[in-house]
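Chemist: Line order of the protein sequences matches chains A and B. The working numbering puts the first sequence at residues 1 to 245. The working numbering puts the second sequence at residues 1001 to 1051.
Don't read these hints as lab results, they were simulated from the structure. Watch out, some of these pointers could steer you wrong.
Each computed DSSO-like pair below joins lysine-lysine, with the alpha-carbon atoms no more than 30 Å apart [claimed, not checked]:
id : chain 1 : residue 1 : chain 2 : residue 2
1  : B       : Lys-1012  : A       : Lys-53
2  : A       : Lys-118   : A       : Lys-176
3  : A       : Lys-156   : A       : Lys-53
4  : A       : Lys-89    : A       : Lys-156
5  : A       : Lys-176   : A       : Lys-53
6  : A       : Lys-159   : A       : Lys-89
7  : B       : Lys-1040  : A       : Lys-89
8  : A       : Lys-198   : B       : Lys-1012
9  : B       : Lys-1012  : A       : Lys-89
10 : A       : Lys-156   : B       : Lys-1037
11 : A       : Lys-176   : B       : Lys-1012
12 : A       : Lys-118   : B       : Lys-1012
13 : A       : Lys-176   : A       : Lys-198
14 : A       : Lys-156   : B       : Lys-1040
15 : B       : Lys-1040  : A       : Lys-159
16 : A       : Lys-176   : A       : Lys-159
17 : A       : Lys-53    : A       : Lys-159
18 : A       : Lys-198   : A       : Lys-53
19 : A       : Lys-159   : B       : Lys-1037
Computed footprint of chain A on chain B; a stretch qualifies when at least three of its residues, placed anywhere within it, have a C-beta under 8 Å from a C-beta of chain A [said to hold, decoys possible]:
id : stretch
20 : 1012 to 1019
21 : 1025 to 1034
Even glycine gets a Cβ: it sits at the ideal position worked out from N, Cα and C.
Spelled out, the chains give:
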Amino acid sequence: MATWTWFHRLASPPHVYAFARRWTPWFGGFAAVAIVVALYGGLVMAPPDYQQKDAFRMVYVHAPTAWLSLMIYTTMAVAAAVGLIWRMKVAHAAAAACAPVGAWMTVAALGTGMLYGKPMWGTYWVWDPRLTAELVLLFLYFGYMGLRAGIEDPVKADKASAVLAVVGVINVPIIKFSVEWWNSLHQTATVMQMGKPKMDFDMLWPLLLMLLGFLLYFITVLLIRLRAELLRRERNASWVREVLA
Amino acid sequence: MNEFLDMGGYGKYLWPTFALGIGVVILNLLLALSSLKAAKLEARRRMEMSQ
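Starting from the given sequences, assemble the full structure and let the hints guide the process.
Modeler: Now the structure itself:
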């Protein structure tokens, strides 16, 4: 019974709006602390890698942005699917709120990857399976946002963009496993693998903390954008008047 | 200090990487906040018009 109350609250824009407003400073605060401590840990405390030397520190930015680019897309696709199946407005709003930050994280993942690739591989870019699939991810985000912007009727825009988001999710496992399925210049998973991570603890903790910080940061931005989306969609609702009064 | 900035010769790749990552993080927070601000303004304007 309690589960269904929770589910109904999740579908109610005023509840979600109030929840987002209450929790944004908390998620944002913890995100900032985690990211700052992880930066110090990664740049100062972690020892240089025996192979990549100090260049390995680029992983502290590259891995979290790349990981978020996939995580945000997956979140967007799940929200879009929930919106399609249960016709839930809040879910469509959440999916729409994911897209811009996901696209930016993909840009950051590609950009930091290029800067990481130059000293390690000798080139900024190769048409390698992992890199190419990540670029496709960026185009999926663009397609999703373009589709939304191009359809005037919000209900139709929600449906069409949700279908694209759900179909495009096939690209997520392709990116994740590309380094195992094909011969890739990109290294295989170091942390996210079965068993023990292939990384010393002194190097690992700043990375894990940075991943946590980025996750909390994403939740913060999502909650802010979700409020904006809900206000735009529900502008004639009485709860909006009460909230803004 | 110079040694830290040099990062064993990788500084010219490492610092732009960090600048890009942190820059995108800050930019997205600002974009989200300005989007919320704009949505609030728009909703308020509608409220005033309908009164």
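Chemist: Does each hint hold? Answer for all of them.
Modeler: We went through each hint and held it up to the structure:
1. Lys-1012/B <-> Lys-53/A: Holds, at about 14 Å.
2. Lys-118/A <-> Lys-176/A: holds, 22 Å
3. Lys-156/A <-> Lys-53/A: Violated, because 52 Å separates the two Cα atoms, which is more than 30 Å.
4. Lys-89/A <-> Lys-156/A: Distance of about 12 Å is within 30 Å: holds.
5. Lys-176/A <-> Lys-53/A: Answer holds: Lys-176/A to Lys-53/A is near 26 Å, not above 30 Å.
6. Lys-159/A <-> Lys-89/A: Status holds; Cα separation ~11 Å.
7. Lys-1040/B <-> Lys-89/A: Between Lys-1040/B and Lys-89/A the Cα gap is close to 19 Å, so the pair holds against 30 Å.
8. Lys-198/A <-> Lys-1012/B: Holds, because 27 Å separates the two Cα atoms, which is no more than 30 Å.
9. Lys-1012/B <-> Lys-89/A: violated, 47 Å
10. Lys-156/A <-> Lys-1037/B: holds, 26 Å
11. Lys-176/A <-> Lys-1012/B: holds, 29 Å
12. Lys-118/A <-> Lys-1012/B: holds, 11 Å
13. Lys-176/A <-> Lys-198/A: This hinted pair holds, its Cα atoms lying about 17 Å apart.
14. Lys-156/A <-> Lys-1040/B: OK: Lys-156/A and Lys-1040/B at ~24 Å, within 30 Å.
15. Lys-1040/B <-> Lys-159/A: Cα-Cα ~25 Å, so holds.
16. Lys-176/A <-> Lys-159/A: Holds, because 27 Å separates the two Cα atoms, which is no more than 30 Å.
17. Lys-53/A <-> Lys-159/A: Status violated; Cα separation ~49 Å.
18. Lys-198/A <-> Lys-53/A: Judged against 30 Å, a Cα distance of about 16 Å means the pair holds.
19. Lys-159/A <-> Lys-1037/B: Judged against 30 Å, a Cα distance of about 27 Å means the pair holds.
20. 1012 to 1019: holds (count 5)
21. 1025 to 1034: As far as the stretch 1025 to 1034 of chain B goes, the hint holds, because 7 residues have Cβ atoms under 8 Å from chain A.
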